[in-house]
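Undergrad: Spelled out, the chains give:
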Amino acid sequence: MVRLPYLTALTTLLSYGILFVFGHLRDFFRKIFDWSKSNNLQGYAPICLGYEDFYTRRLYLRIQDCFGRPISSAPDSWFDVVERYSNDNNKTLHRTEKTTKCLNLGSYNYLGFAAADEYCTPRVIESLKQYSVSTCSTRVDGGTTKLHTELEELVARFVGKPAAVLFGMGYVTNSAIIPALIGKGGLIISDSLNHNSIVNGARGSGATVRVFQHNNAPHLEEVLREQIAHGQPRTHRPWKKIIVIIEGIYSMEGELCKLPEIIAVCKKYKVYTYLDEAHSIGAVGQTGRGVCELLGVDTADIDIMMGTFTKSFGSCGGYIAASKEIIQHLKRTCPAHLYATSMSPPAVQQVISAMKVILGEDGTNRGAKKLAQIRENSNFFRSELQKMGFEVLGDNDSPIMPIMLYNPAKIPAFSRECLHQNVAIVTVAFPATPLLLARARICISAAHSREDLIKALEVISKVGDLVGIKYFPVEPVKPNKVEHLKKIE
Amino acid sequence: MALAMVNVTASVLDWVSSYFDAPTRAVVFGVPIDGHLVVEALLVVVILFQLTRKSYKPPKKPLTEKEIDELCDDWVPEPLTPQITEDMTYEPPTLESAAGPHAIVNGKEVVNFASANYLGLVGNEKITDSCVGALEKYGVGSCGPRGFYGTIDVHLDCEQKIAKFLGTPDSILYSYGISTIFSVIPAFCKKGDIIVADEGVHWAVQNGLYLSRSTVVYFKHNDMKSLENKLEEVTRRSKHPEKVRRYIVVEAIYQNSGQIAPLDEIVRLKEKYRFRIILDESHSFGVLGNSGRGLADHCGVPIEKIDIITAGMGNALATDGGFCTGSVRVVDHQRLSSSGYVFSASLPPYLASAAIAAVDYLEENPSVLSKLRTNIATLFNELSDVPGLVLASHILSPIVFLKLKKSTGTGKTDIDLLDSIAKQALEEDSVLIATTKRSSLDKCKLPIGLRLFVSASHSESDLLKAAASLKRVAALVIS
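As they're listed, the protein sequences go chains A and B.
With UniProt numbering as the guide, the letters of the first sequence map in order to residues 1 to 489.
With UniProt numbering as the guide, the letters of the second sequence map in order to residues 1 to 479.
No lab work stands behind these hints: they were computed from the structure.
Don't take every hint at face value.
Listed next, the in silico EDC-like pairs over lysine to aspartate or glutamate satisfying Cα-Cα at most 16 Å (straight line) [unchecked claim]:
hint	chain 1	residue 1	chain 2	residue 2
1	A	Lys455	A	Asp395
2	A	Lys470	A	Glu458
3	A	Lys129	B	Asp69
4	A	Lys91	B	Asp307
5	A	Lys268	B	Asp429
6	A	Lys270	B	Asp69
7	B	Lys471	B	Asp429
8	A	Lys240	B	Asp73
Computed from a predicted structure; not experimentally measured.
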């Protein structure tokens, strides 16, 4: 939960107000100066009309160098950030040849498979030589290889469902599956903070979409009762089916979903559940099996479990795991299976090897060590940050921790200052988060050692003092009293 | 009786009119009060009284908790997926080697016509070497979206290479082939814009058109007269031409039919009616044109006239991902507003380096294009007299499309017939062919058929073998 102090809210609004006023003034003068210049559009409407791209031009371009920083090595715990310069006040950025080695607190590398790994990489290179880079074909035509069938069985076994199907990209998995499951006459109830891919999939399906308050099972029950009782809008016919879509870990908050309560509500009202485990598969749970294992929910209670391989397994692609009938149906109708190029074979081999390491089937206990390491790292880092007085969101055991910044000026200040001290941080602002709630997001990895974390804490504390984001009083003695932190005066 | 009524009515009327015409009875505050003023005042009071009464509405009774409980108990949802019957299960052939012109399926070596490996780059030595180097340096995945440390220098190099190859100012990479077009269209077309699209576009384009919420008008497949009519109609009806963005969406080589779009005609129409073109070159990039630069090269149209070009790299370039290219304004706009670019992890770096190596290969060996063209011509010739099937694709298209001469009646029996042809060709003659499979979500109405993807690395004997096999199997099955 975010507790926004009044003074901070006021100053943030004031900052945004000043930025908007300046932006409008500059637009006004730009219009006057361009009156004389001829318009070379010749009757075509411009690509962006009026104020559609006001935010981009006047706010985002000022701090453009904090986003999209190119790197020139693998996204491991330390990586090389390419330096960029600008000649026209951040409107265009050019790369240089110089790089700086920085500590990586931004990439989704939860179990440390991002760089070349001693078990995975030789096998990936072998599969590259055997199956080549791509199959150039869809799964149903001639793009299914032995690796794909092996991975589908392995994923089903890992997640705990009877069958699974693979896709080449996580975003497309959501956007193409939801229309195949539900159409006009159905209802989708999704959490208010769901990812853009789910929103796109829900919109593309043609079903009615309703939203329930984030992680609030009583509100979900209220919405369900009202919707089932009233039926479809205007005709009041009963809904054909209802699907509730939730995520395992929400990537902007770092919170786990309240899975047991939500599943109990869904079972009571006979609605289907769809769980998106993009960030939680492989990263939480005793053996890395995701939020179901962590929160003690039986996987048979959830109808469809979706996940991606980008985050914990260091590869690309997504999967859906469900009962055999659902998977057969999806293989026949899902457009991403029928029309899209199948997943690249080396990427498939990377996931197979990574899963074998996690399950311990490669003959070592590296998997268990990695899982223990990430849990320990996240809990240590989170408690230390809270002791220093930062406002950190998220639950224990979650490897994502956002630190609240609020003011728009603190976003580039924090980001640039940390980069000077060789720590690479990700800052997020509108439109990925609400306007007033800008934050810096840290993703911990199992590849970070204790020294790396201590260095990161030093730098963040120093920069935090400089920028002024320690909204809570520093706690010297009691590290675990998270619930009793006082509001700022 | 009637007389009495008349008398009573007359006397009442007299009485009322006497009051009405009564002379001034009193003077109040200097205003003389006539009799009729009293009646009018009384009327006004009565009207006001009625207006202030609440109108009668039947009282709203919200559902009680018990009633809601009963409704929830009664409600029975449909099953999540329909019942799967035995004949609906389909197991695709499993490859045990690379998807080159000769592949191994179920232990046997087959001639592979199901991979869109147009330039024969699957298994190429140089590409494999550059990938191995990239894998050892960068690992497999890129672990982040482009805005958050997922931009690796190979991505930027790849974008510049493609832009230089095509002759456009800039380009942008996407991490998956089909997500390119359905992210590009909603980034540029919003509610209220007008799009004129071909009715044979594939599902990803249809999804992009639906997500954009613009007004979409379809014209007959590859018919320029129909396009002109639709453009005329739309221009006549549009009210604010300066504020409404208008687009024509076409594919260079249509996946669903193998036809090639006549680009010079389309550019002429676009300039006449002031529309922008979005061209999807997934199957023509690296195939058409003297140097493989696509449809613009082939038709002799300068590349600046096409506003937005998108392509998937999973075909001629034998890698994965997609790109979009155009003017600097077009590409910059997508970096913040294209959802498949902003909210998704970036392309794995080894695929980007494979794309760079593939474009290098194409620049250095343009002779591979003429080999591809000879192969297509040979196959086209051989397949012109298959019993029961007729060629439906363009003579230059690397997707050779055969459809049934006479439909058997229903869509399902057509599919079964084509599937059995493909199955027999695989089992008896070791020729792997693909049938078009349509998703139930696809709105395209073009006929289904058999598709052969011709590659530059197919030898003449492969092509003759495939043609002979098809002729034999079709004669057996369609008689």
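Undergrad: Each hint should be assessed against the structure and marked as holding or not.
TA: Hint check results:
1. Of the supplied pair hints, the one linking Lys455 (chain A) and Asp395 (chain A) is violated, its CA atoms being roughly 23 Å apart against a limit of 16 Å.
2. With a CA separation close to 14 Å, the supplied pair Lys470 (chain A) and Glu458 (chain A) stays within the 16 Å bound.
3. Simply put, Lys129 (chain A) and Asp69 (chain B) have alpha-carbon atoms about 61 Å apart, too far for the 16 Å limit, and the pair is violated.
4. Note on Lys91 (chain A) and Asp307 (chain B): the hinted pairing is violated, with a Cα-Cα distance of about 23 Å set against a maximum of 16 Å.
5. Distance restraint check for Lys268 (chain A) and Asp429 (chain B): the Cα-Cα separation of roughly 56 Å exceeds the 16 Å cut-off, and the hinted pair is therefore not satisfied.
6. Only pairs whose Cα atoms come within 16 Å are accepted, and Lys270 (chain A) paired with Asp69 (chain B) is accepted, the gap being roughly 13 Å.
7. The suggested pairing of Lys471 (chain B) with Asp429 (chain B) holds, with an alpha-carbon distance near 11 Å, which does not exceed 16 Å.
8. About 15 Å separates the Cα atoms of Lys240 (chain A) and Asp73 (chain B), which keeps this hinted pair within 16 Å; it holds.
Checked against the numbered hints above, the structure breaks hints 1, 3, 4 and 5 and satisfies the rest.
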